[in-house]
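The residues making up each chain are set out below.
4 protein chains.
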Amino acid sequence: MSGLFPMSDRVRGLDARLAEFMDAQVLPAEAALAAWDEDPARRWTIPPLLEELKQRARDAGLWNLFLPGSGHGLSNLEYARLAERMGRSLIASEVFICSAPDTGNMEVLHQFATAEQQERWLAPLLAGEIRSAFAMTEPEVASSDATNIGLPIRREGGDFVLDGRKWWTTGAGDPRCRVLIVMGVTEPEAPAHKRQSMVLVPMDTPGIEVVRPLRVFGYDDAPHGHVELKFTGVRVPQANLLHTAGSGFEIAQARLGPGRIHHCMRLIGLAQRALEAMVLRAKTRVAFGVPLGQLGMAQEAIALSRCEIEQARLLTLQAADALDREGSKGARDLIGMIKIVAPRMACAVLDRAIQIHGAGGLSQDHFLAAAYAGARSLRLADGPDEVHMASLARGMLKG
Amino acid sequence: MSGLFPMSDRVRGLDARLAEFMDAQVLPAEAALAAWDEDPARRWTIPPLLEELKQRARDAGLWNLFLPGSGHGLSNLEYARLAERMGRSLIASEVFICSAPDTGNMEVLHQFATAEQQERWLAPLLAGEIRSAFAMTEPEVASSDATNIGLPIRREGGDFVLDGRKWWTTGAGDPRCRVLIVMGVTEPEAPAHKRQSMVLVPMDTPGIEVVRPLRVFGYDDAPHGHVELKFTGVRVPQANLLHTAGSGFEIAQARLGPGRIHHCMRLIGLAQRALEAMVLRAKTRVAFGVPLGQLGMAQEAIALSRCEIEQARLLTLQAADALDREGSKGARDLIGMIKIVAPRMACAVLDRAIQIHGAGGLSQDHFLAAAYAGARSLRLADGPDEVHMASLARGMLKG
Amino acid sequence: MSGLFPMSDRVRGLDARLAEFMDAQVLPAEAALAAWDEDPARRWTIPPLLEELKQRARDAGLWNLFLPGSGHGLSNLEYARLAERMGRSLIASEVFICSAPDTGNMEVLHQFATAEQQERWLAPLLAGEIRSAFAMTEPEVASSDATNIGLPIRREGGDFVLDGRKWWTTGAGDPRCRVLIVMGVTEPEAPAHKRQSMVLVPMDTPGIEVVRPLRVFGYDDAPHGHVELKFTGVRVPQANLLHTAGSGFEIAQARLGPGRIHHCMRLIGLAQRALEAMVLRAKTRVAFGVPLGQLGMAQEAIALSRCEIEQARLLTLQAADALDREGSKGARDLIGMIKIVAPRMACAVLDRAIQIHGAGGLSQDHFLAAAYAGARSLRLADGPDEVHMASLARGMLKG
Amino acid sequence: MSGLFPMSDRVRGLDARLAEFMDAQVLPAEAALAAWDEDPARRWTIPPLLEELKQRARDAGLWNLFLPGSGHGLSNLEYARLAERMGRSLIASEVFICSAPDTGNMEVLHQFATAEQQERWLAPLLAGEIRSAFAMTEPEVASSDATNIGLPIRREGGDFVLDGRKWWTTGAGDPRCRVLIVMGVTEPEAPAHKRQSMVLVPMDTPGIEVVRPLRVFGYDDAPHGHVELKFTGVRVPQANLLHTAGSGFEIAQARLGPGRIHHCMRLIGLAQRALEAMVLRAKTRVAFGVPLGQLGMAQEAIALSRCEIEQARLLTLQAADALDREGSKGARDLIGMIKIVAPRMACAVLDRAIQIHGAGGLSQDHFLAAAYAGARSLRLADGPDEVHMASLARGMLKG
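Chains as they are written, first to last, in my numbering: chain A, 1 to 399; chain B, 1 to 399; chain C, 1 to 399; chain D, 1 to 399.
One chain only, chain A, in its complex shape (with noise of 0.2 angstroms):
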């Protein structure tokens, strides 16, 4: 594949001591982080391992690898192919300080935050030394159209006060969780797209609850997890605004874009590893006298896979590259298909990988239900695939 979007070789390199770091030191650790949440009294507490794992990705200098202002300097392409290789665990991005909203919230805070703000907040992100959530999507609407995100945020005296409820705010659950950002309406009498601003809140400002955690096929995900968030009096001052007043869904829209390339080449990275666990399952599991690989519809299974993982892939550099070349507006089309491609090609490849694994596969005993449930997510999160769909149709149908 290297013909076509060829690594430079910085990050030919990279990948390697990824790929190197991944085998050596993330991958061995997969079960043992599995057996932490097994004791309830630890659930949500953050197990050492992963700690340590961070000190050490960082000590091997594969940290940060995401964010333009960082040292790494990688551009969307480039940072695609990292991310896929991170992608094939789903505790590696965490690692490597690169997972999500943090990545997201670090972009947001690089590009839009006063000094001020950046240095009390971005600089322990990129640290890994806290963790961060987006609070946006409501539990009462439909949250895929920004406009219906209603979350009064009051001004008084040189105070902004929030009051309602928020959910799906991933992240928030974590003890490490230091911050918020949050988006609400300041401006109701704003045309439609200019009502909300995003606030800076520390999660330790009177008046936070959080509710409950929200689970995902059974899957909490301590101890991030998504969770609800009530708000009541929550009061910060109006320097934590971000950017403008109004400028809610202008940031919203600038944080989507890298960030969905991120979430679909991780699924590429997940999808890949499902075929490659499925191969070898196929190679070595015996039926009825024949191993699975012998027979033809475990090999359509892998045929197919390999074709649907391939083209995604394709697509997905092909989306990172135009952002890189054309800003968000001109790679908007190639984003919204890669929404609609990945985490769909995603959940079925990993179905199949699940249906050639036997009851094993939906178990906890390989990654691959818990890869589904994440993928199936994918498909909501961000806009459902119907939102993705309808939008890339209007903008060709004007064109």
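Since the hints were derived computationally from the structure, they do not count as laboratory data.
DSS-like cross-link-like pairs, simulated, lysine-lysine; straight-line CA separation at most 25 angstroms:
1) Lys398(A) x Lys283(D)
2) Lys398(C) x Lys329(C)
3) Lys194(D) x Lys329(D)
4) Lys398(B) x Lys329(B)
5) Lys329(C) x Lys283(B)
6) Lys283(D) x Lys329(A)
7) Lys194(B) x Lys329(B)
8) Lys398(D) x Lys329(D)
9) Lys329(B) x Lys283(C)
10) Lys329(A) x Lys398(A)
11) Lys283(B) x Lys398(C)
12) Lys283(A) x Lys329(D)
13) Lys398(D) x Lys283(A)
14) Lys283(C) x Lys398(B)
15) Lys329(A) x Lys194(A)
Pair by pair, the computed Cβ-Cβ distance ranges are:
16) Ala192(B) x Lys329(D): 40 to 46 angstroms
17) Gln111(A) x Pro291(B): 33 to 39 angstroms
18) Pro191(D) x Val286(C): 17 to 23 angstroms
19) Ala192(A) x Asp23(D): 40 to 46 angstroms
20) Gln238(A) x Asp39(B): 38 to 44 angstroms
21) Ala16(B) x Ser75(C): 28 to 34 angstroms
22) Ser75(C) x Gly61(B): 34 to 40 angstroms
23) Ala32(D) x Pro175(C): 28 to 34 angstroms
24) Val286(C) x Gly158(D): 35 to 41 angstroms
Note that CB positions come from ideal geometry on N, CA and C, so glycine has one too.
Given chain A's structure and the hints, the job is docking chains B, C and D onto it.
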């Protein structure tokens, strides 16, 4: 639909009473029973509300509907209707003492057990006083090929001695589980289909260890669970043999036909409820200024789901009728067909329902994701789709 | 299957006689009738063998099976079985005087025509002496929305005068076609569903021009054809009005219910024959040293086809039964469902059968490609899938 | 897309000239060329307009673009872009002397023929003065397994004598076809892959009979056609051997790689045009009061088609690049993948385009149905999907 598979007045009456009980007692209890699980301390204990509901169902005469000898005396076709009704809630079949694996085990005991064995185990099972499990699948082999089942059962003195491992033993994590039906090899020298026997093993026999619960996606289905079991020198009298030595395969076959129909009809009830939820959501949820139900993609999801559910329902009723009229052999193809069709249909419908519900559809706020996990596992339990497709085709190619 | 939709002895007898006649007379004639078309000189003439077969079918009493008033007096459910039988061959329904569009036209004449109109047109149609066509669809508008039908029919003196175009007028290319039922606008000022009337137009009326045959995937279906018609000052007496002025929409609706069931049952017969051909091919064709039937992908194709055919058959029988019991309105949803399901199912099964037959499956050496073209056109004829899905969903959303 | 597979200036220039020629000359001629066929008397003759277009293309220097030795000297990756452009019209590749089977035959002659053979056949083929055909597939055997090819070629005196049948010999019905490349068995005692040779057989050699044209769906693709051939004592000098005795399999393999990429890129051009037609139709066609493009199901069809086309395009470009860089062996998997992906994608997109065009989409009024027939045949030509999936999977299972 009444014209084609007409319900007798008696079945219609039972169905109406079930429906009323479901609406009045079962559905309102779902949330409380789900909440029981939230507290890790009581996860593997039985919620008293469940026992109350069972008692009320018993008082209402809605009890043991499935079994020929239970007083109701329903045919498979008649029972299929009631299983659909019960299938609408994941907790209902237990309330009505109609839940797997007890139903299948009771049928086995009814058909193959001695009077003494029946008195000891069948009577309290019918009364809902104890539960049971069926230990067949083994971790190391493709158990869809039953000749692979290899747990050794030695004869020693007048006893059987069991050593080895089983997994996916549904219900063996339940504190009320008192007995296992274990399939293992008693006649290692016999032809492949005559090697295994089934043996009754009281749950409190020394040497049985519940190694761990297996999860399906993230669900452990506590308090019943699907567990891995280890047998170390587990000793039971030879009088605990079910039927004859070497008849394990024969008993397993007899158990599967009705069992599959029950599973399929429950899936149809579940899919039907998902469709109703989808319609309700599409009526009430507004995105981009219009109710979802006015959007073409939602209409397509609803229309296709209805078409698929109705077809699967008819096919399953037909299989039930064939089993009543022609027995297991005559109904073999149809039972294979519903085993292929119903779980896939349910997965497709539930997946669409999740999509229409948005991210909430993946969470504990709706029954959809848990139902999906159950439906998905039925594409593997009792033999993966691929085995059933191959077997169906081979029968036709021979014919 | 017998248990669920029991055939009466009379239907069973008719079916057996049909089956025997099909095997002895119809299937052996397929090749000769196909060859007739090879000579371009006689493409649009009637092969004498066809007329002979019709006479033999009439002599055998297998004649006009579809019509309530024809002496057989079959219900839709009963006729559905026979339509499936006839559907196995693309030429059979004409042999038995049961082919579209004549059947629908005869039903319209039977239900809505005056005695005089019936004597002139219905009697010779029932006798198989003439043929007819139904001119509804127009080239410039989406005719699935019947209110778009716009061909003006002016009153002038005691006459109607027709000007305009129709297309996809099946059978109007047939030299035996003597009469058109034309739908057009007689009451332009009435509400949308009351504007159109149906008028009987003898084929030899001056001003009717057969512009050209339309082809479906290259097939012109000569000698009947699907033609484009031009009406220039075509004048018929007002006595040629069918039923009442403004009742065109009502008549069209009444025509569609049974027509769709006939189409669907014929598709099921066609798919069933394709499955049988697939099985035969898989048994006998050897590739890479093994019969195709031993290969998993062929087994999957066979197994899924059987499951899909059986489900569609049951659904169509159920719709037929509902039409008998509850009339068009009561059966509306089910008729919509089979219209969505049966053509897609037939396309899927035929496509798999083509694949198993190799390139020959696409050619005139097998019935499969021609059958595919016919099945595919039924995803558009009588309203495209999308209209039926939207309509089915909207009904449920209202309910 | 430009960033990822950058076109050189030269290719960009050729593509622009092709595009201009297509718009100005080819697309406007489609209707007239289609009409030529309507008159049965001239079906198997060459429309003069076609020869004129060829001359104009030659005058414009748009000629023999595919062949390394033709002066353009394009790589497979470069040519792939131009093949996509030409693929938009079913008549274009012939206009530009880039149509199958001549391209493959010219490549074979270029690579394997003697100087004398090249002078006699390659020169006039490159000049567009004659056409050729490739007679490999046989009616009685699964020709996807090339070792099944069995037409006997005896040595007698200094001659080869051929007896037997071939079918699906594309182009052999064309009056301009002057030569066949025939694959048959010259070394019956050799190992399976060394038995066959390829022999040049002038079309006017006594003993060659064009038995009949084969149709794909209802299309005979006159005047080139796909014919069945009978060889009765057909005698050619042994000097007509291509390459070496027993090298038939080797030549066939060498012919397939570039051939498949050409086919796939043409399919992508065809699908792209179908998508554009779909968008245009959706903008302009009104049903039930709104343009189709406002309906969700049409939007879904458009969006999915775009995603699928773009992915297949990228995969095919990647295969072309791999072929350039790594040769047939290195590109084997990717070529297998596009052979699986592109025809299915094209069928899916064309099917959706037909659906959006209504019944007219099935007819001669649009290119869609004919394009579908061609795309569908490519799921069987050069090996059915199933063979390619099995082969791809087996390669991975070995690796």
